[in-house]
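S.K.: Single-letter residue listing:
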Amino acid sequence: MTGLVNSRAKYIAILIISAVIFVPQIFSQEDPGFDSPTAPEINRVLGDQYLNIAIGMQIPLFIHNPSPESGEKAINPTNLRVGMSGTLGWAAFLNNNISLGLDLNAAYSGDLNRVGFFTVPITVNSSYFFRLSPVEIPLHLGLGMNIMRYKDITTLGMMVKAGASVYWNAIQDWSFGLNLMYWWQPEFYSGNGDIPGTNTRFGNFLEVTLSAMYNF
Amino acid sequence: MKRISRILLPILAAIILLTGCNSSNVGLFFSLENVVAIVEEDRGLDENANITSFAETVVPYPYDEDGPSEPIPPVDEYYYLLTTNKLMMRIVGKNSGGSQRGYTWKSVNLPSGTNIASKVISDGTNIILHASDDGSGGLSGGLYTAAEGVLNYDQADSVSWTQITIPTPLGTDERIAEVFLVNGDLVISVQRNVPSAGSAWKLYNVTQDNDLFTQEIGEPIIDIVYDGVSEYWIATPNYLFNSNDIAAAIDSDLSSAPAIPGRVNTATTPFHGFVDFTDLASDGSYTYLLSSDGYVYYSLAGFTSWSAFDAEPVDNQYQDDDPFFTRAGVTDFSGSPEIYAGTRNQGYVILDASTTTATFIDRRRPDLSNVTDTALYNSEGTYGYVRMIVDGQEENVVFALTPKHSLWRGSLEGSYLRWVRE
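First to last, the sequence lines map onto chains S and E.
In the working numbering, each residue carries its 1-based index in the first sequence increased by 822.
In the working numbering, each residue carries its 1-based index in the second sequence increased by 1334.
Mixed in with the good hints, there may be bad ones.
One-sided excerpt, in silico: chain S residues whose CB lies under 7 Å from chain E [claimed, not checked]: (1) 885; (2) 889; (3) 894; (4) 895; (5) 898; (6) 901; (7) 933; (8) 969; (9) 972; (10) 975; (11) 977; (12) 978; (13) 1008; (14) 1009; (15) 1017; (16) 1021.
No lab work stands behind these hints, which were simulated from the structure alone.
Predicted model, so just to flag it, every value in this text is computed and none were measured.
The beta carbon of each residue, even a glycine, is placed where N, CA and C say it ideally should be.
Start from the sequences, fold in the hints, and give me the full structure.
M.R.: What follows is the structure, given as structure tokens:
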């Protein structure tokens, strides 16, 4: 099962990376048979904002044990199935290329016995936009808090996510695109409380979503 | 830019400061990493069933498709019975390797006038059922028996029940709270509603028609055992005491009940009382008592003294406020006595009973744990109050009774347990 999930994850990752590389080239090619209108250049200024809504998949990758004891492995399966993920985001441009904003995510996956794993990250994000009009390719980096629940366990921890998107500026205010985000969800335990330090683990996930962006 | 920074930077700082909380005592990803697939046997039990009691009784005659036949000694087949509010049964072929006959659990009809089965116990051949009408708060109904030869798997829905007469009838404010077989006698715990004062409990010997103790006590009676000589030992949620204690010193609120002799670490380990006895389960000279303070106590024959497994391993997480030991069974599957102990909220554990140190045994098969094990082992939360029962007939089999996830059967295969959910 885990191997299957990992295979799917690799397959999807290849597709996404291919899309990121080739889609801009496709859009940039001119059709020799028609007079193609030149896409208007996209310019953002300080104070421009956008809202973003995304929905897609959460692909569990692996759980990292940073200090494996004898007989333990550093990389372990998540024992989760591919799940659902969604994002609501807001951001404002600081200049033509950089935005800063907040994302509220929610994701769900079922374990081997279909017991639910829920995660709700809330992150502060910064994005850097490359542009090949009418396509925008933002790179994202986010840091924030992460509420997770599995069985009777609820945790509040840290969250780091990084990734890229490809947006097509369809009409003046609306863009549609594909997002690929890597989620790193560390769960640190010092061993001073009830939970031993040997329970420290880092969750690694891939989020693949389709999104709509409203610029205003 | 500055305005955005003024908003976001404090949020970011708060996020970082607030992170790092966990409501449990186990890591979430650690728990996920160790979850294993449940193997379902699909025997017809609801996967969320609350298993409230479990019993076994032999089939008195060789069983054939037409029911019991020639009266020869019962050696090959027996019944499992359990209650989930309903009474369920299935027949088991001891030497048939889990034959298809009786593969599924069947619902057994309850005695007329009842619709809730609270507990089923067995003396090995006959079964005794405590059943009531759910609209009566347990005040109507009573004890019923299906005698030897009456149970029939193919006619499970038409069992003829005989009500057991209680020589001294219960009062209108009394109900049966628990049912025990003690030293061959049928004993019930009777709960009496005391207006504005809660409840009071007493023990009544149905077989002998007498109260075991004249005084009522202020806590429910969890279990009772007889020492084989002269004394009864009784566990309540907060106390363990013997019949001499009750006769001499116990008042209605148990304020003067003695702690168990030989108990250790009283200064550093909170005492939560005793939840279940392992009823005289013994590896020869020892009787074990699993306690809700996370200790295993043992007594030499005759209950002359009690001691606790003394060494506290680093990972004995059961000496805690929440997870504690519940019903356990003692086996000698591996050629050495082992205690299979249920816990509250952390599945089950196995303790080595060949020593008096609390040494845990892991019988999960590491290389195939995703296939052969279940989340029952040391699991967090989901399984609630797990109780363990050792199969009295079939070798190398234990059962785990759970309140939310049905009945599990564990079979020892080599050094490892293979768990399936019925």
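S.K.: Under 7 Å is the threshold here; is the Cβ of residue 1021/S close enough to any Cβ of chain E for the hint to stand?
M.R.: With a closest approach of 3 Å, the residue 1021/S hint holds.
S.K.: Should the hint that residue 889/S touches chain E count as held when the rule is a Cβ pair under 7 Å?
M.R.: At about 12 Å, which exceeds the 7 Å cut-off, the nearest Cβ of chain E leaves the hint on residue 889/S violated.
S.K.: Hint residue 1017/S vs chain E: min CB-CB distance below 7 Å?
M.R.: holds, 6 Å
S.K.: With a cut-off of 7 Å, does the beta carbon of residue 975/S approach a beta carbon of chain E closely enough for the hint to hold?
M.R.: holds, 4 Å
S.K.: Does the nearest C-beta of chain E fall within a distance shorter than 7 Å of the C-beta of residue 895/S?
M.R.: Given a least distance of 9 Å, the restraint on residue 895/S is violated.
S.K.: Residue 1008/S was flagged as interface toward chain E. Is the shortest Cβ-Cβ separation under 7 Å?
M.R.: Residue 1008/S check fails; min Cβ-Cβ to chain E is 9 Å, beyond 7 Å.
S.K.: Does the interface hint hold: is residue 894/S within less than 7 Å of chain E, judged Cβ to Cβ?
M.R.: At about 10 Å, which exceeds the 7 Å cut-off, the nearest Cβ of chain E leaves the hint on residue 894/S violated.
S.K.: Is the shortest C-beta separation between residue 933/S and chain E less than 7 Å?
M.R.: Since chain E brings a Cβ to about 5 Å from residue 933/S, closer than 7 Å, the hint holds.
S.K.: Verify the interface restraint on residue 898/S: the C-beta must sit less than 7 Å from at least one C-beta of chain E.
M.R.: With Cβ-Cβ at 5 Å, under 7 Å, it holds.
S.K.: Double-check residue 972/S for me: the hint is only fine if its C-beta lies closer than 7 Å to a C-beta in chain E.
M.R.: This interface hint holds because 5 Å falls under the 7 Å limit.
S.K.: Are residue 885/S and chain E close enough, Cβ to Cβ, to be under 7 Å, as the hint says?
M.R.: holds, 5 Å
S.K.: Can the hint on residue 1009/S be confirmed by a CB-to-CB distance to chain E that is less than 7 Å?
M.R.: holds, 5 Å
Going through the hint list in order, the structure does not satisfy hints 2, 3, 4, 8, 13.
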